[in-house]
Amino acid sequence: MKEKIYIGVAWPYANGSLHLGHMAGCYLPADIFARFCRMNGKDVLMVSGSDEHGTPITITAEKENTTPQAIADRYNKEHTENMKQFGISFDLFTRTTTENHKKVVQDLFLTLYKNKYIYRKSVESFYCEKCKRFLPDRYIEGTCPYCGNENARGDQCDECGKILDPQDLQNAKCKICGSSPKIRTSEHLFLALSKFESKLLDWISDKGHWKSSVMKFTKNWLENGLKDKAITRDMEWGIKVPVEGFEDKRIYVWFDAVTGYLSASKEWSQNLGNPDKWEEWWKNKQAKHYYFLAKDNIPFHSLIWPSMLMGYDESLELPYDIPANEYLTLSGEQFSKSRGVAVWVPDILEKFDPDAVRYYLSINMPENKDTNWTWEDFVTKNNNELVGTYGNFVHRTITFTQKNFGEIPKQGILSNFDKEALEKIEAASKEVSDALEKCNFKIGLRSAMNLSQFGNQYFDQNQPWNLIKEDEERCAAVLHICLKIVTALSVLMAPYLPFSSDKIWNMLGHKDSVHIANWDDALSELNVGCPLEKPKPLFEKLSLKDIMAEADPFSNLDLRVAKVVEVKDHPDADRLYILQVDLGDLGKRVLVAGMKPYYSKDELTGKNIVIVTNLKPATIRGVKSDGMLLAAGGGTDTVVLLNPGDAKPGSAVFIEGIPKEPVSVLEFEDFKRIKMTVDEKQQIKYKEKTLHGEKGPIVTDKTVEKGVNVS
RNA sequence: AGCGGGGUGGGGUAGCCAGGAGAUCCCGACGGGCCCAUAACCCGUAGAUCAGUGGUUCGAAUCCACUCCCCGCUACCA
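Counting with our numbering, you get residues 30 to 740 for the letters of the first sequence.
Calculated directly from the structure, the hints in this document are not laboratory data.
Glycine is no exception: its CB is placed at the ideal position from the N, C-alpha and C atoms.
Be a bit skeptical, because a hint or two may be false.
[To be verified] Derived DSS-like pairs: lysine-lysine, alpha-carbon spacing no greater than 25 Å straight-line:
1) Lys-31 x Lys-228
2) Lys-106 x Lys-718
3) Lys-159 x Lys-211
4) Lys-258 x Lys-132
5) Lys-459 x Lys-471
6) Lys-701 x Lys-716
7) Lys-228 x Lys-204
8) Lys-145 x Lys-258
9) Lys-71 x Lys-113
10) Lys-306 x Lys-324
[Claimed, not checked] Label-pair restraints from in silico Cβ distances:
11) Gln-114 x Asn-495: 13 to 23 Å
12) Lys-563 x Asp-500: 17 to 27 Å
13) Gly-302 x Ser-365: 39 to 49 Å
14) Tyr-148 x Asn-253: 15 to 25 Å
15) Ser-365 x Ile-472: 47 to 57 Å
16) Gln-315 x Pro-726: 52 to 62 Å
17) Glu-343 x Met-30: 16 to 26 Å
18) Asp-231 x Lys-574: 22 to 32 Å
Could you build the full structure based on these sequences and the hints that come with them?
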């Protein structure tokens, strides 16, 4: 029987689009690994799906005046499509709102309950009477009892870093509606994680092949002792708790989501008309289970999910490896929807070849530490490595052969150099394969790239363009070797660059897809005599300028909240103030602003305002202004500041859906072209989208007429 | 605060767990070659006391201790 490989990939939460962090974090590595395994004759089952329950989705639904299911439907559809476009080769990408999933989750839950791994316990938690729901810790805000920060969350205070219980907060408020929640007692069901400690310790004892970060994290949790965790919630959106007396409660989303690994396997079997087929992976000691996810998700997969499986059915396979990645950052910042830092997958798929993106994400994968996505580096690596080294070698070889021979020429007498080339192919195939077996994706890709660099060297030194005039037979022989390198590359690159590999494979006269080819076909003989067609270049060069120009000009802006520290009169101007503002971690700055007719010094001091931080500094009447504040009002009659609420100084101001990629210096001309206006709710609109800060929409400081400009 | 990861030529990175000659690769800079190829490719040169300090050792980027600096996680962000 073929070796069974199960690949579970973290379930994306269906409350927003996918961004490149998701791709680099788990979907791309999982896909590369899956494709590689399939080419090596393994029987792969790779599943995932949308995680569709939980509070955030219900809140989005309320905001948009629709149902949670509608939100889940929207993003499930988008995610499914994006995965396909990006070439992520799931055997099944499903969702947590299917009947099958519900059944599997409830069965697992009930079995754990019967096996005494789930028990009842009363807890006190906050209930918001206005929103009519119990509030998750993150949705409660109040004053931190330790440092006095007024914006501490129920789970933790961001200022002092202390971990809190919501009950610790003073003046607790509902983050959604702002009213004061009341404490209510409610009975919940808890998963007895503590009962699994010794079994888990035993289980991880032979996991020496795990990444050190995964192992350390896991061990650390175990050493501190596992805390039992509540796995029910008082809400409506979710899977019903199949225990008497708990009919009104729902199963906590993470319990629900990880169970997807099992339910999706079953669904896949049913779709196949062979409902027990999943057991070949799950009830098979020879099967290896891999889970791909990013670092935030480690304990769920290394501790909680294994515990659930152990408590449910001893015969089920546990994870073999959890090659968790670190994070991809965007110009040094973590991807975050709420802070407006992201490159969205739907956007990127519209603009770029998925293989180009896959290349950059693979060669720059956050395998061992966070890595940075920059547009500049993306363009450089695309142009120099993907296009220059790899694409060019393939293209020059096939073009030259086609032009001069029209078909794949036969092998000649092997020179020493030829032999070296054949050895290189073999070595590269082994190197890539060794690396991929260990989930070392960057090393594998680098090895494949080295082979294409060797191809270029071989081509250069043999000078077929001269040979064709002098020694046609030798020329044919050289090209034959080059084409063998091309063949090998299309196989070795197939896990990474599935679309272009397939094209090359077909150019070389193969009727089928490279994805049903075998890894050993990297070394296969060529179809000598097979006619060649004039090739088109595989990849395109990119221009950083075009990319930047295509982006919305708003992306170039760096808007931030600033707190006015000090206001002075400008010595040589009637209308100007000199403000010193605090940008938190970004330090302090001096701005010159014409606010004297509209605001007194006292009014301004201590106020939170919105400023442009990356505007080219200007000297105004002899004083350098390092930035500009945003205000609403066109003429001289009224000018009012923008009010970001009590957002942190230095925090970002952004528009959802427009990626924030500020240029280092923004020309004033470019800034002037960005038209923002005030709407009837006193919110700020740009292209009908609303300007946000970390505390929600930005509004004007005082009421002004609808439609006035912001500048 | 606790925990985890990281700091390697101008930028980015490999090597570190299993210590050994001039420290890897990509980009960039400089010089040269080639002209088949998407102004792509190839060759060569310069550039790093491997964050710092101390230790173990015949020998340390690698092991140990301490210090500094970045980043992340802390149980619903991949």
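Structure-based check of all given hints:
1. For the suggested pair Lys-31 and Lys-228, the alpha carbons sit about 30 Å apart, so the restraint of at most 25 Å is broken.
2. A hinted pair counts as satisfied when its Cα atoms are at most 25 Å apart, and Lys-106 with Lys-718 qualifies at roughly 24 Å.
3. Of the supplied pair hints, the one linking Lys-159 and Lys-211 holds, its CA atoms being roughly 11 Å apart against a limit of 25 Å.
4. Simply put, Lys-258 and Lys-132 have alpha-carbon atoms about 22 Å apart, close enough for the 25 Å limit, and the pair holds.
5. Taking the CA atoms of Lys-459 and Lys-471, the gap is near 15 Å; set against the 25 Å cutoff, the hint holds.
6. Of the pairs offered as hints, the one joining Lys-701 and Lys-716 holds, with about 15 Å between alpha carbons and a cut-off of 25 Å not exceeded.
7. Only pairs whose Cα atoms come within 25 Å are accepted, and Lys-228 paired with Lys-204 is rejected, the gap being roughly 40 Å.
8. Proposed proximity of Lys-145 and Lys-258 is supported: the alpha carbons are some 14 Å apart, at most 25 Å.
9. This hinted pair checks out: Lys-71 and Lys-113 have alpha carbons roughly 22 Å apart, not beyond 25 Å.
10. Distance check on the hinted pair: Lys-306 and Lys-324 sit about 31 Å apart at the alpha-carbon level, beyond 25 Å; violated.
11. The hinted range of 13 to 23 Å is not satisfied by Gln-114 and Asn-495, whose Cβ atoms lie roughly 44 Å apart.
12. Here the CB-CB span from Lys-563 to Asp-500 is close to 24 Å, well matched to the stated 17 to 27 Å.
13. Our hint of 39 to 49 Å for Gly-302 and Ser-365 holds, since their Cβ atoms are close to 43 Å apart.
14. A hinted range of 15 to 25 Å holds for the C-beta pair Tyr-148 and Asn-253, which are about 21 Å apart.
15. Checking the proposed 47 to 57 Å range against Ser-365 and Ile-472 shows it is violated: the Cβ atoms sit about 30 Å from each other.
16. The hinted window of 52 to 62 Å between Gln-315 and Pro-726 holds, with their beta carbons roughly 56 Å apart.
17. For the hinted restraint 16 to 26 Å between Glu-343 and Met-30, the CB-CB distance of approximately 22 Å keeps it satisfied.
18. Judged by the Cβ atoms, the range 22 to 32 Å given for Asp-231 and Lys-574 is violated: they are separated by roughly 58 Å.
Hint violations for this structure: numbers 1, 7, 10, 11, 15, 18, all remaining hints satisfied.
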